[in-house]
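There are 2 protein chains.
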Amino acid sequence: MKIINIKTKSKHYNIYIGHDIFAKLKKIIKKENIQFKNSLLIVDKKVPKNFIKKIKSNINSTKKIVYLFNASEKNKNFKSINSILEILFKNNFTRNDVIICVGGGITGDISGFASSLYKRGMKFINIPSTLLSQVDSSIGGKTGVNNKFGKNLIGSFCQPDLVISDTKLLKSLPRREVVCGYAEIFKHSLIANKKLFLFLDKNLSNILKLNPKFIQKAILESCKVKKQIVEKDEKENNLRKSLNLGHTFGHAYEATLNYSSKLNHGEAVLYGILSATKLSKKLNLLGKNDYEQILSHLSKLKFTNLSKLFSRKDLKKIINFMANDKKNVSKKLNLITLKKIGRVNISKQYNTVQIRNFIKSELLK
Amino acid sequence: MKIINIKTKSKHYNIYIGHDIFAKLKKIIKKENIQFKNSLLIVDKKVPKNFIKKIKSNINSTKKIVYLFNASEKNKNFKSINSILEILFKNNFTRNDVIICVGGGITGDISGFASSLYKRGMKFINIPSTLLSQVDSSIGGKTGVNNKFGKNLIGSFCQPDLVISDTKLLKSLPRREVVCGYAEIFKHSLIANKKLFLFLDKNLSNILKLNPKFIQKAILESCKVKKQIVEKDEKENNLRKSLNLGHTFGHAYEATLNYSSKLNHGEAVLYGILSATKLSKKLNLLGKNDYEQILSHLSKLKFTNLSKLFSRKDLKKIINFMANDKKNVSKKLNLITLKKIGRVNISKQYNTVQIRNFIKSELLK
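Residue numbers (the numbering used here), protein chains in the order written: chain A, 732 to 1096; chain B, 732 to 1096.
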């Protein structure tokens, strides 16, 4: 079992990473000195029943309410937040009680957001159940919901009190979900850790098979990259923008397909990374060797052909969504590009016509 | 013009206090280095047109949208937040744009909450237009909305980037509103500053007449008390609870009357202070001299008779609302009591039956 301590301005908390660590949940909560009287477990419906049972039996609290959440981008809205708040109010939860989330990124965002709003903030423990949420959304405190204008456009920064990442939970994930989480690990390596990239490239098959030794190392190193960035810039004023590598493209791809199951978030990020890599090469920011190493890795993952999903008639929609991405602070597009593997540009701006032509000529041939 | 710097863990910002300082607004914003491209002014409908015009002409921004808000407890809800968010989305505001609030506490809470939610937080300048908001809600970063379960039950902690308290704005307030704000100044003196209490007791009439010299000193000293408390405890874990002196009672009184115009927030707080003072005396926590000084002051303000508003048949409602107050973290009631003028108990607990009997016998004779 490994522990990473996250130190943000607003809160310090620990992430526990290990295999089958639920049996120790009671002990961990005690060791972390997290006290509460009542708990609301918000659990993604897809989490296997035996895990829920195990987690529930390992929590000490007077009231122990389980709320099964049908996690989907469609349900990641204010209506779901209101349903959760209603349960908390009806059961007279106080600010010292806790929400415990067991689920992926969507369930985590909903749970964290609700916990931050209820009486201006109650306790929050996150038990991410997907690879994506273990390496991404469980660190950094971003919470939020979608609305008709786009994804995650309403939300808060709210750090959890504790995160438990149990790799045993990942066993029930379909391969597509594993690849989805892997996208962020891969992204973290490209942003800040070439050694991690080489480890991933060499051991891709073992990692995707969730071989404990390999997947735990990948999660740990990936979390360390995100930790370093988030600690320096909790509220995404500057450095944290590097984590958006591939995301402005990726969000636009998801949105253009109306968040359909054809393309999940991690897959969109992989296409986003493909796009950012090609753009970086096109602008002579990224050298040939590194470009080819990245493309070869994306090719092993089978994420090199955007034309499978989009045609040129989608261009206008894609560009409109990119210009509306909340990370863009002006009409120009702030896109993260690559200098080399392990190093990014975060402050470059591009105009929409330039990017439109780039997507048209390089990605949708 | 006086400047108080507020240093919380999450943000440092300045409060400017002065008379007719709007003419300097452009300069102040520049000096504070608050940059934005677009601004949304959320203005309480009750603010005189000439003030709005003056403020608007003193802001530099590309888009300058004015949203007139009909401030009331009834409209302090999520629907209003959504209307504001909708304007921001439709006008493509970014996280680096600003909301400027001109209004009282309700408008400030709505504006601050919306600014904290939009893309997880945009810039926020608060220009409190009532005495209450100048001495209370403009410091501390509490924002929120009401719902069917009670007042301010959903919200966030969100510090503004700048506060401008112009006493010229107060000239248009009805006397009842002035007394309402005065309640918090009086409360601050009781919590932490006997010298301020003596100043208030001596100069009550000049202060309520808004004589510039007196009202500015009262605002400044009152803000200093709140500053000291909020800086030490931004998120109300302990010390900040002292600011709830009279508030658990007060909130219950307001709620029992369904937030009708019969009793505004400040008036409820004055009755709350009356209640807390009597309770402190009854429990032999507060000495006779201080008790009589406080009662004499409340008597000058004409806030010594709770039976004007409630009868014993309201008792059950009052107690239920007290037990549901979000500041209570268990079935027992955490009530702030007085040790002496300038010193409070924050950690004492009382059971609901005891408080019910106290209200019955001491306040609703």
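Calculated directly from the structure, the hints in this document are not laboratory data. Watch out, some of these pointers could steer you wrong.
Identical copies look the same in the list; a pair holds intra-copy or inter-copy alike.
[What the hints assert, rightly or not] No farther apart than 30 Å at their CA atoms in a straight line, the calculated lysine-lysine pairs in the DSSO-like style are these:
| id | residue 1 | residue 2 |
| --- | --- | --- |
| 1 | 768 | 882 |
| 2 | 795 | 1079 |
| 3 | 882 | 742 |
| 4 | 810 | 854 |
| 5 | 1063 | 821 |
| 6 | 1044 | 768 |
Nothing here was measured: the structure is a model prediction, and the numbers come from that model.
Taking the hints in turn, this is what the structure says about them:
1. Taking the shortest Cα distances, residue 768 and residue 882 sit within 30 Å of each other only across copies (23 Å), while inside one copy they are farther apart (34 Å).
2. In this assembly of identical chains, residue 795 and residue 1079 lie within 30 Å of each other by CA distance solely across copies; the values are 28 Å between and 49 Å within a copy.
3. Taking the closest pair of Cα atoms, residue 882 and residue 742 come within 30 Å of each other both inside a single copy (26 Å) and across two copies (27 Å).
4. For the identical chains of this complex, residue 810 and residue 854 are neighbours both inside a copy (21 Å) and across copies (26 Å), given an alpha-carbon limit of 30 Å.
5. In this assembly of identical chains, the alpha carbons of residue 1063 and residue 821 lie at most 30 Å apart only when taken from different copies (18 Å versus 47 Å within one copy).
6. Proximity of residue 1044 to residue 768 under the C-alpha cut-off of 30 Å is found in neither arrangement, the shortest distances being 56 Å within a copy and 33 Å between copies.
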